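Top line first, the protein sequences correspond to chains U and W. Counting from 19, one number per residue, gives the positions in the first sequence under this note's numbering. Counting from 19, one number per residue, gives the positions in the second sequence under this note's numbering.
Hints are not guaranteed to be accurate.
Note: identical chains are not told apart, hence a pair may lie in one copy or across any two.
[Stated by the list, open to error] Pairs of lysine-lysine, DSBU-like flavour, derived with a Cα cap of 30 Å:
id, residue 1, residue 2
1, K485, K540
2, K452, K540
3, K474, K31
4, K452, K536
5, K31, K165
6, K447, K31
7, K383, K536
Bear in mind the hints are in silico, worked out from the structure with no lab data behind them. Predicted model only: the values in this text are computed from it and were never measured.
Protein chains: 2
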Amino acid sequence: MQTTPLQISSILKYAALAHGRREIVSRGIDEPFWRYDYAAFAVRCEKAARALGTIGVRPGDRVSTLAWNTHRHLELFYAATGMGAVLHTANPRLFDEQIAYTLNHAESAVLLFDRNLLELVERIAHRLIHVRTFVMLSDDARLAPGKVGAVGYEALLRTEAAGFEWPVFDENAAAFLCYTSGTTGDPKGVLYSHRAVVLHAMGSALASAFGFTAFDVVMPCSSLYHATAWGLPFAAPLCGAKLVLPGDRMDGASLHELIEDEAVTFTGGVPTIWTMYLVWLDENDRRPTSLKRVVIGGSAVPRAMAKTFRERYGVDVLQIWGMTETCPLGVIATPTPGLAEQGEETALEVIWTRQGRLQFGIELKTVDDDGEQTPRDGETSGTLMVRGPWTIQRYYRQDQDCVDADHWFDTGDIATLDADGFMRITDRKKDVIKSGGEWISSIDLENIASGCPGVKVAAVVGVPHPKWDERPVLVVEAHAGANLDRAAIEAYLLPRIAKWWLPDRVFFDAVPMTATGKIDKKVLRAKYQDCLSTGGRA
Amino acid sequence: MQTTPLQISSILKYAALAHGRREIVSRGIDEPFWRYDYAAFAVRCEKAARALGTIGVRPGDRVSTLAWNTHRHLELFYAATGMGAVLHTANPRLFDEQIAYTLNHAESAVLLFDRNLLELVERIAHRLIHVRTFVMLSDDARLAPGKVGAVGYEALLRTEAAGFEWPVFDENAAAFLCYTSGTTGDPKGVLYSHRAVVLHAMGSALASAFGFTAFDVVMPCSSLYHATAWGLPFAAPLCGAKLVLPGDRMDGASLHELIEDEAVTFTGGVPTIWTMYLVWLDENDRRPTSLKRVVIGGSAVPRAMAKTFRERYGVDVLQIWGMTETCPLGVIATPTPGLAEQGEETALEVIWTRQGRLQFGIELKTVDDDGEQTPRDGETSGTLMVRGPWTIQRYYRQDQDCVDADHWFDTGDIATLDADGFMRITDRKKDVIKSGGEWISSIDLENIASGCPGVKVAAVVGVPHPKWDERPVLVVEAHAGANLDRAAIEAYLLPRIAKWWLPDRVFFDAVPMTATGKIDKKVLRAKYQDCLSTGGRA
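Only chain U is shown next, with the shape it has when bound in the complex:
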């Protein structure tokens, strides 16, 4: 057999030859919509690869972006990696110091950024040790070189010929450099190899996973800079699906416009986006007509959200779980005939309360504190370990592997696995609340509290308690106009939880979010650190 390397450029070449007329539509950043097809996209990627060469990028070099979900960013996904460079997709939502840290750590000499991030780039430019070329992802008319003297992306492409011959190289070469959001310590870099990205795209596009066909219209609402938007920019063209890119506008009205105008069938993103979207639909009395599936990940899916999508709009919700360290897909909550036989209600209950089910390519196990494997009984929780061809072996520029001798990576999650391969995260290791020697799952409590009418977001953290070591505290962000008080929340919770799980305090406040759309528990823990220091009920 031939040992053809699995390279990202093969996806581009395939889409251009087999789905050349299928469209890509992108919202611009203060520019009109951009609309072309995979054949034209491939030509632009060729020109972009040449342009990167012209400004001095060589195979193996790191190239950084600060950009949203646009066609130009997508072109760089293929152009930079296809020519053999490594694309570092910096996260514009991090703090300035963190962004600068990742660019310096990556040793990028080139930074390409969206026009509305110029101010950010100007602000951090003096900290960037290696960057010598700034490129604004802009047309000529709107180009603003700013204090960094940026050149224009379209100007660069215009002088380049099409017809770049994508080089053949080792499939284990690095393609992307993604940094973890770094809730503790400096962000850590994860290098995605070409092999990992292609296998991840094939695995996630399987009918038993995302199941894309050429008839799908896929809109990634997870950020391109965040673990390559779950690999959707690769899985979609691999199957000839139309791609719709929402730019930087994730508000309900903007998303709905694209969903309706472009007949989106599949979209995905963190729960926060869908909370906003559902509120917008409700307030404006609109409904999505083409949408069939919404994939939600990044945090647990609130049950009420899944129920609304399904029962009110006929949209199936697929929950997924993964991490930057797994490219990022780990599991997808797909149904099985065994489940279906138990009736729709039971099936949905399982689908909505599990993070997902084993997919081919990812191995999972749970272990106890001694590292011994715990049973796959759906009951016994343990530390979740993962391994497989798109799982990390070692963080970028570290001396040691971050996996054990058998390649198992410790996810930092506490989870159960069952006999059908369903996985349920009961907590982050560091978020689990240890009350009097017993564990309380902050995630379970949040999920249940989210179902209480009027609750928009519910967050639970453990705070120190003189008697019980730790006790749960609930922070509720209510919907506008909701009439909620502690008594109402408790009345809702009590029939649904063990009594000793009842939070010791309920605060009504805005819930802080991290740059990646997760509840920022670090902030909450700091804020409520001392609220039980005098003890109190439990």
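Place chain W on chain U using the hints.
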């Protein structure tokens, strides 16, 4: 990233963990039906791997089978390859000398065979140079050691413990050894690597290809010994589909029994099988109720067959093309939105008249006699070249690669490619009819003639002609009771073809088939060699 090798054992492990309760049902060879699930299947595979070790099989050794589509043969697909041996699936439909040739060429020391092939095995045993152990795939009660002193498969398994630790090794190691059917010269061996088999399974299971989900029930009617039954034994468990194995009974009644009793949704095989099945359905006034898709390959799909499946039974026909040298999938005739927009009639016309469309993982091009690439315009035909990660590099035990410097393999087919990636085979290089300097496609003529009412099989060969070099001759095998004569055939053909394509002779006769279900043109050419030697009309 981890460089986890792509091994066949990973599919087995995945199916057992994620789809452990999904069934496998197999018709026995003079035994009752066998029914178990992927979890129990995995345990039997572990025992079988141990049993192979017990009878002396070591990693790298070749192990041969002469067996039908049964669960025991399927177990060997995983057991032999998983332990690191190479499974040679000999073709019992070949001539004795050819079977013996392949076993000797493979240097197999072990031959496992189905009970009803004992006579064949006894007949060729004296020719087998390396075989030292004969194993009958049989339960104890029906075991017949015969002249070869065969041991029983179930007896071997019974003494083995479960829990075999599948070894980790290089993904480029050989897993299967499949021989071409050898219409010219000795059969040639193609070694399938673990990497090729796993990538092929992932590629073919994509939603945009076979699109299996856990809700599918897949019945492979292509032979397990013929290019691993199109890889279905791997693609199905990879997605958790139920597997139904029809044993050696491909008659209409037997297939229909399984389709109905097991709720088969997907099946596939050569056209001959479906011709028989459609006749049986018609004669018995029955219809398949669960069947959704039939994949047909090996020869061009007669249009009338596709039409009957679709219009009468609501079953979609997917045409595929491939060869032993491509593991075997090359292209699959899947629809596209662009086609769908042109209306159902046009879409079906394209789907039914093309061998298929480019799938991710396989590259195709057509070249002229000078090796220059011909345009992808759907019109210009050229020699079809193929390459990719599941394409051959070199035949087994040969000194030279069988591909050019850029890894392109010459398929021996003449084909067109179009801008949407559709491929249409116009002929085999050796079957194309050269009449007065122009080419006549024997396949096009056969397809059209097959549509004539009363025609069961139509075969066209070129035979020498004193004036035109070659002229087409048509051999028609009619349905029982059909009232056909030359005039009726010509009246049907004339409005549908260029006049100079009209066959010079029409013979009414049985059409001979090869061991792999294709029209045996070698036999026909020999038989009708001289029928135009005195010239005649053209």
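So, going through the hints one by one against the coordinates:
Only within a single protomer do K485 and K540 lie at most 30 Å apart by alpha-carbon distance; the minimum there is 23 Å, versus 90 Å between protomers. Taking CA atoms no more than 30 Å apart as the test, K452 paired with K540 passes inside one copy only; the shortest distance there is 17 Å, against 79 Å between copies. Taking the shortest Cα distances, K474 and K31 never come within 30 Å of each other, neither inside one copy (45 Å) nor across copies (42 Å). Taking the shortest alpha-carbon separations for K452 and K536, only the intra-copy value of 22 Å comes in at or below 30 Å, while the best inter-copy value is 69 Å.
For the homomeric pair K31 and K165, neither the shortest alpha-carbon distance inside one copy (38 Å) nor that between copies (57 Å) is at most 30 Å. With identical chains, the CA atoms of K447 and K31 are at most 30 Å apart between copies only, with a shortest distance of 28 Å across copies and 43 Å within one. Proximity of K383 and K536 under a CA criterion of 30 Å is satisfied intra-copy only: 25 Å inside one chain copy versus 48 Å between copies.
Going through the hint list in order, the structure does not satisfy hints 3, 5.
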